[in-house]
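Trainee: So you can see what is in the structure, the chains are spelled out below.
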Amino acid sequence: MSNNKIVQITNVSFYHDQNQVIRHINLEIEQNGIYGLWGRNGAGKTTLMKLLTGLIKPDAGNIKVFGERPFENRNVLQNICFIQENHPLNPQWRIYNVLTLGKYFYKNWDESKANIWLERFSLHPKAKVKSLSKGMRTALSIVIGMASNCPLTIFDEPTNGLDAATREIFYEGILKEYENIDNRTFVMSTHHISEWQRMIGNIIVLNEGEILLNDEIDHIQSEAVYLSGSIDDIKPFIVIEEILEEKTMGNMGSFMVERGSITQKMDRSKVTIESVPLQDYLLRKTQKKKVVHL
Amino acid sequence: MNQLKGTLTIIWLESKRNFLIFFMVLLSIIVVSVIFSIVGIFQNAFINTNAPVMVYAAILGAQLYRLTFNYGISFGVTRKNFYYGAVTGILGIAVTLALLHNTIYFLVDKLLETFHVELRLLNFYSYLIEESIVSYLWLDFTILLFFLAVGLLFSVIWFRYGLVALYISIGAFLMTLLVPFTLELWQQFIKLLMTSENLYHFGWLAIISVGLFLLGFPMVRSMNQYAKDKGAA
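Chains as they are written, first to last, in my numbering: chain A, 1 to 294; chain B, 1 to 233.
Rather than coming from a laboratory, the hints here were simulated on the basis of the structure.
One or more hints might be untrue.
As the list claims (entries may be wrong) - Simulated restraints, written as ranges between beta carbons of each label pair:
#1 B:S222 <-> A:N26: 21 to 31 Å
#2 B:S222 <-> A:G33: 24 to 34 Å
#3 A:Y96 <-> B:L214: 28 to 38 Å
#4 A:S13 <-> B:K16: 35 to 45 Å
#5 A:D163 <-> B:G92: 35 to 45 Å
#6 B:K16 <-> A:D110: 22 to 32 Å
#7 A:G33 <-> B:L8: 52 to 62 Å
#8 B:G162 <-> A:H219: 43 to 53 Å
#9 A:D215 <-> B:G162: 47 to 57 Å
#10 A:Q20 <-> B:I168: 23 to 33 Å
#11 A:S122 <-> B:L214: 43 to 53 Å
Unchecked claim - What the simulated footprint calls covered on chain B by chain A, stretch by stretch (three residues with Cβ under 8 Å from a Cβ of chain A suffice, anywhere in the stretch; the number is not a length):
#12 1-8
#13 11-22
#14 76-89
Ideal placement from N, C-alpha and C gives every residue a C-beta, glycine not left out.
Pulled out of the complex, with its shape left as it was, chain B reads as follows (with noise of 0.2 Å):
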């Protein structure tokens, strides 16, 4: 219980304070925007926070393990202790993510409504769902999860393997995404899955998620401590 205490505790300690200066920013552009929009200097805009977030997660996935496993790995922690302490924590951060994320969108997007504002804020889930707090959140905490795994996947690649392997994963990630596009079926099942509401309910975001989580389990139990100089260079 203290390994994963520990755990936790680093892996705030590193993502508080970038977590902070993204929300700041974010916050940011969206009172800039509502002052421009105001004053008139923007005329029928709208803003987007899904994909900031969206990117923002990939980062922290992609970074968080590359510069915390030294550490834990220093203070005596195990490879295991401190994987689960790293999947927990992103489970953690998914949430909170997925928190302060339709928190703004709901606060400024009621605020915008109230003293007719002329900025839409656009949000990708109401493609998909109805619109409602809990529908959000859940699609948001899905989605980010997966964004994070995939970014510690390829983190724990890299650190492990180096350079040359996280690209040949990232290129066969891709592959496996893009090249089935041509065949109809797959495009069909991808339309289905994106445009309906089984995104929401099935959930299989997160499902998918669980997997990576355990494809990068393996690779973390023999990682020696040295591997990030690799990974690295």
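With the rest of the complex left out, here is chain A (with noise of 0.2 Å):
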């Protein structure tokens, strides 16, 4: 393992239930980062961070994290924290049962993290977790995930039932502990990559169990333009299969593609080209029926 590849994922297939839903992924995560990993319902990415701490164990292919295996290894499994989407936590236990655990389960736990943490979301650490709103339950999963000190620390959809002001808390925190803490590297799922933007560094991009992006995340977004203008001053240039979203009215028409899809220079004086936001990108790059007829 070179020394800053902290996951080494190597043609790994997972089924459930027959069905193949992790497809012979093959991917690198390297010490110290925030990487996001964007997918549309059902790409994926949940096995894959499940793959990842071991929560269940890949058909085919190799995963190795910190060099090792993860699956009921427990070297690898006391540097990794999971916090999945509504993770599981008893709705009898109070939240202090919550951090004697997280204590015994993690060796870096940080009892002091774990504390400003909960006056950050303001949770009392003796209310029970069925007395928590959804919001405070993610709010209190977070804490785990932060106070865990985890080398590697995984979110899955963090920042669902959030408000506006906790998920800038949380942001804010993320970014601090980053900028503070080496040795840290964080993995955000999410739907909503804008949001996130500011913060990943790297961005993997799953659909239907595969792999389809893996960059930084400005480079991605890079990729794909908005042309605007008359239909002839556009479509002879590009390759029309490769149009991702399609927006015509009369003679004129929006279209987004990628950058190598344009297959010779356009008269810029007649084509408006305009960058795209992420989100819409990720959204028709891994949509199958692309075209809009206005």
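Starting from two chains that each stand alone, build the complex the way the hints lay out.
Mentor: Structure (structure tokens):
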């Protein structure tokens, strides 16, 4: 294993009731970074995270985290914290029970950090889990993730149910943590990439169990453009089959394409080129039917 | 060690509430029966506490793994360590149940005798061995451990292979017990075990429980997290 690669996935497949939900994935994650994992529902994000954290075993291929297989491997598992969407927490537990369990199971558990995060989210240690709203439960899961101090911390949809103010607290906290502490890598799965854009270095896009894109976020975003103008001035210069989104009205049109789909130089005075919001690009990129006629 | 502590904490947090409820109900039934006997509503009545404790142990054993596995594994505990923790927890539960049950039995029995209440506290073990705190405790422990172990094994089968496998294994278990009853040799063997002090002296139920714990272990080692959903389906 090279020194800075903490995750190495080689040709991994996973089946769930005969459906192949992960298809021959190859992936590497380097130490110290915030990674985004984006995909539509059913793309395989959660399955991939469960494979990484040893909750499930791959049917084929090889997964190494910190140089070892994670499944049933305490050396690896004590360095990974996986906060699932709707993280399993018994409704009868009190918040301080959750913190006690965190202390037992994570070797780098930081009690003071847990208390700081509880305060940030206005969570009272004596409150029962069942008395918490969905957002507060999510916040409690975040407290576990942050206080675990695990070198690899994975959050599955961490902001689901959080209000805007709490989200801000979380984003700021993550950034601070990343800036101040070496040897911490975060992987965040999300449907809403726009919120994470300013924090994430690399983004991994999953589609139907395969890795569609895996690159720096800025690079991925610069890949797609909107071309607007007369259809006659645009269509001859692009690969029609590769149009991601098409909106036409009369002879005028707007086309979302990747830069690689532009075959010849266009007359810039007749065609407007604009950047595409990343969320829109990813949605179209992973969409089967792409044509929209107005 | 920390994983064991963590697993035991999860088990304790999970079972303490129903533990409390069960003993509250049991005590309430005893108190009501005593009152009814004193005022004459019950005449020549008897109550038994063995059966409810055994049923409770079986239910607890069956629920424990299903309810706690997901929490443990989500905190990064290995399946192996979690199973060790679960078995240790079950041993602790069997000891605690036996202690509490026998404390209640001997205390209530003494009180009934002292105040001449016409209510009989029936204990199955009085047919098997001489009454003493130690012998009743040991016997209770082995029997409750057996019920907990059976419950745990079925719970693991359900979790690992689903509902159909659970029904098949329960059927197979009952057949193993019932079919040999047609054989005279088996009948004599069971009689020997149940009607003599062998049950107490050999603690064979404890030995069988260890076997059941070992049987469940390989099933747990390769268990995926979502198997719970399959089991619950």
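Trainee: So, for every hint listed, does it hold in this structure?
Mentor: Okay, the hints, checked on the actual structure:
no. : hint                          : verdict
1   : B:S222 <-> A:N26: 21 to 31 Å  : 24 Å, holds
2   : B:S222 <-> A:G33: 24 to 34 Å  : 32 Å, holds
3   : A:Y96 <-> B:L214: 28 to 38 Å  : 36 Å, holds
4   : A:S13 <-> B:K16: 35 to 45 Å   : 43 Å, holds
5   : A:D163 <-> B:G92: 35 to 45 Å  : 42 Å, holds
6   : B:K16 <-> A:D110: 22 to 32 Å  : 28 Å, holds
7   : A:G33 <-> B:L8: 52 to 62 Å    : 37 Å, violated
8   : B:G162 <-> A:H219: 43 to 53 Å : 46 Å, holds
9   : A:D215 <-> B:G162: 47 to 57 Å : 41 Å, violated
10  : A:Q20 <-> B:I168: 23 to 33 Å  : 29 Å, holds
11  : A:S122 <-> B:L214: 43 to 53 Å : 48 Å, holds
12  : 1-8                           : holds (count 4)
13  : 11-22                         : holds (count 3)
14  : 76-89                         : holds (count 6)
The earlier numbered hints that this structure contradicts are 7 and 9.
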